[in-house]
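Q: Taken in order, these protein sequences are the chains called A and B.
The numbers in the first sequence follow the numbering used here, run straight up by one, and end at 470.
The numbers in the second sequence follow the numbering used here, run straight up by one, and end at 1331.
Check each hint, because a few of them may be wrong.
[To be verified] Taking lysine-lysine and the DSSO-like style, the derived pairs with C-alpha atoms no more than 27 Å apart in a straight line are:
#1 K310(A) <-> K454(A)
#2 K225(A) <-> K1153(B)
#3 K73(A) <-> K1240(B)
#4 K1186(B) <-> K228(A)
#5 K1240(B) <-> K225(A)
[Said to hold, decoys possible] Beta-carbon label-pair distances, calculated as ranges:
#6 A113(A) <-> K1153(B): 30 to 40 Å
#7 L1070(B) <-> D68(A): 15 to 25 Å
#8 D68(A) <-> L1076(B): 11 to 21 Å
#9 K225(A) <-> E1190(B): 21 to 31 Å
[Claimed, not checked] Here are a few chain A residues that face chain B, going by a calculated C-beta distance under 7 Å:
#10 K80
#11 R82
#12 D83
#13 P84
#14 K86
#15 M87
#16 I119
#17 P185
#18 Y208
#19 Y222
#20 W224
Since the hints were made in silico from the structure, they are not lab data.
For every residue, glycine included, the Cβ atom is placed at its ideal position computed from N, Cα and C.
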Amino acid sequence: MVRAQISMVMVLDKCIGCHTCSITCKHVWTNREGQEYAWWNNVETRPGVGYPHRWEDQEKYGGGWVADNGKLKLRMEVMKKRDPPKMEDYYIPFDYDYDKLFDENVQQEQPSANPVNMITGERMDVKWGPNWDDDLAGGDIYARMDPNWKVLEKEITLNFKDVFMFYLPRICNHCLNPACLYACPRKSIYKREEDGVVLIDQNRCRGYRLCVTACPYKKVYYNWKTGKSEKCILCYPRLETGQATVCTVSCVGKVRYMGVVLYDETRIEEVANVPDDKLVEFQRSLILDPFDPQVIREAREAGIPDNYIKAAQKSPVYYMFKKWELALPLHPEYRTLPMVFYVPPLNPVITALDRRGKYMAEYKNILPTIDELRVPIRYLASLFSAGNEEEVRKSLKKLLAIREYFRLIEVEGLSKMEASKVLADQGLSIEDAELMYKWLALGRERWTIPTAQKVKVGRMSHMKKKGRRR
Amino acid sequence: MDKRYRMAALIGVLLIFAASTLAVMGIVPVTAQTNAYTAKYVQGPIPLDPTAGLWQQAEKGNAVLVAQLLTYPQRLDTQPRQVSYAAVSNGTHFAIYLEWSDETEDVPQLGALDQFPDAAAVQFPVMAGEQPYVCMGMPDNPVNIVMWSADGKVENLVAGSGYGTKGQQEQQARGLHKTPTSPIVKLPPEEQIWTASASYSDGKWRVILVRPTGGVGSFTPSLDPGSEVSIAFALWDGSKYERAGSKVTSGWMTLKLEAPAGAAAVETVTVTETQAAGTVTQTVTQTATVTETIAAATGSVKAAIVGFLAALVIAIIMLALLYRKGALKGV
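Chain A with its partners taken away, still in its complex shape (with noise of 0.2 Å):
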């Protein structure tokens, strides 16, 4: 059965890490008592640790799936775990008195605001955040707790502050195999029938957590002081109004993009359990092509309104994550299939170019240079790829392909005919480059967002499947 998502794209070369995102989600959703510690968008720095404090070490978490003997169970229910995060694993909320830089009695020196806890609202020694580790800060401490770190080489490790650092930001990745939605024995989270959105319905929750300790992404917050569990809405207020959410509106570097990916929903089960070096070819298979007239009639008959199929051709998220195989999921071995994706960095391209002792290297040359360029490939395979490191090869080469193609018709002066060779070798086209370039580079449509329509779509099926088990 087609289904309609309305996903997400990262272009991680552009995220300058001003934190915008953060702070207007922050306004327009979590700036109330009990959300305080609560960033439903955070961005981190890597290599670091991230936020909560080593989210990505599932052995301490339990999030996610595992594949067992062609069964999916929740990490959870194998490692026996029942406690969520605490408090401090996020970071103890803190504000600043600043009204005592107004109330101060006269004296020798300036007044000064102290850090207060935002819950018991007493003065606190801040020694962690949301974002400690920025800016690599610190970062011969907080890069070496990256669990990412340890898939790399000894002497990559060693001179790391020479070599490479980039921004990730992080939102609800509106699973198609949702770990919380299955964990939570109250039903109180779903996910839309129209566009993929996961929601908890604040009604039926009971705030049991399971659900925070089965997100393997740590996107699921509970609210201490309703006593009830949130999370990210994907901004579906303003979805419905044909609006991007708050964090791609704001974003400085036009660094997010969104749109509808339509997808064969009777074959969640199948990919979730391939083998990790599969699951990227795997999740890029269950979307489907929106110009193809049989998809198009499938979708119709699931009910897709036709505003949700033109949506889909025009999305940046069907050509980055399927058509060209830029984009990438976000560990993609926690088996949730996360829906939103990341192009990896090149971070910085022109140095890597250098080393070669030409910045105009031949293309042929681009090859080679993949994989000595700043961000080791085996990194960005441990975040992206689960170890596949092909998967992040294909999506830098295609990077380059269009630098290069660019290049070589304003610096050498080419005709796009000449210059096109070097995007026939990824398997672009010169209308795919174009594209590319008005997405990319020029940051114009970044989103297409179909307004809610009232049609019926039935319930999501393979929800209802047996087979695996929490």
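Since chain A is already given, all that's left is putting chain B on it; use the hints.
A: Positioned in the frame of chain A, the structure of chain B alone reads:
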């Protein structure tokens, strides 16, 4: 005999043995612990202080609670627990006293994300004279549950899509948007008739749950003096991260609500919620009878027999299922 069948038979016998052992322990959910407890009829206000003489001197019923292992999320600790209980009514109110051991007093701190309160629940059938499926009822035969938790909450709840109806639950659970009947639903504010007072000392929780007698809504039994009702208990230990189905539960027991003695007029003394705990203590007429004890004893024998039969049936069904699925092939 074929080796395969011999093994199958052996497994069958083992299953039956295991099931009957569980039945005797009271684990099989369809069985009832039929030991009856009589809630005395008292004159005047009911003391709300758990340490009051009335509660401490009252004859206690005892229930063994075993780990919920039927459905997700199961209890990780399989040790059984025990609760002592006493109940009285006075014509206007019904009160039940619960006492159980718990090594830690778990009351979540302000801002805590990983702390769970200790909790206790008392379950009644919604429909008089019924004894619904003990694991939170069935859609056509629901249960009324009062749940107290150490964070101060007392909730009057109704449950009726039972853990036992897993197939149906699975089917509905995974559905989206159109939310199915919940396993448990909080009743509207006007039906939140229970109040509680609790104390923790010497490693024990002592909790009193009080409500007015008489009908309110269609999901809360009236618990009128002179009536008889089934009752079951559940406990959660917060320090073990117990919540939801991660709990211990009892089977059904019988609670008899004593009628006022003779033709004596029913006193209309009300327990007010603002009353200071433990200020008023009433004398309880202790009239424990031998017959009750006998009834309780025969009741547990009956329970064991019923349990054994049920276990037998379950074992046979399991065996049949296993055989059909081919799980026994090649053993």
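Q: A closest beta-carbon separation below 7 Å is what the hint needs, so does K86(A) meet it against chain B?
A: holds (5 Å)
Q: Verify the proposed pairing of K1186(B) with K228(A), using a straight-line Cα cut of 27 Å.
A: holds (14 Å)
Q: Measure nothing beyond the straight line between the CA atoms of K310(A) and K454(A); if it is 27 Å or shorter, mark the hint as holding.
A: Measuring from Cα to Cα gives roughly 17 Å; hence the hint holds.
Q: Holds or violated: W224(A) as interface residue toward chain B, Cβ cutoff 7 Å?
A: Holds. Min distance 5 Å.
Q: Hold the hint about K80(A) up to the distance rule: shortest CB distance to chain B must be less than 7 Å.
A: Cβ of K80(A) sits 6 Å from chain B, so the hint holds.
Q: Hey, K225(A) versus K1153(B), does the alpha-carbon distance stay inside 27 Å?
A: holds (13 Å)
Q: Should the interface hint for R82(A) be scored as holding, given a Cβ-Cβ cut-off of 7 Å against chain B?
A: Where the cut-off is 7 Å and the nearest Cβ of chain B is about 4 Å from R82(A), the hint holds.
Q: Taking 7 Å as the limit, does the beta-carbon of Y208(A) come near enough to a beta-carbon in chain B?
A: holds (5 Å)
Q: Looking only at beta-carbon atoms, does the pair D68(A), L1076(B) fall within the given range of 11 to 21 Å?
A: holds (19 Å)
Q: Restraint: M87(A) near chain B, CB-CB cut 7 Å. Satisfied or not?
A: At about 5 Å, which falls below the 7 Å cut-off, the nearest Cβ of chain B leaves the hint on M87(A) intact, so it holds.
Q: Given a cut of 7 Å on the nearest C-beta pair, is the interface hint for D83(A) held or broken against chain B?
A: holds (5 Å)
Q: Given the hinted pair K1240(B) and K225(A), is their alpha-carbon gap at most 27 Å?
A: OK: K1240(B) and K225(A) at ~22 Å, within 27 Å.
In terms of the numbered hints stated before, the structure departs from none.
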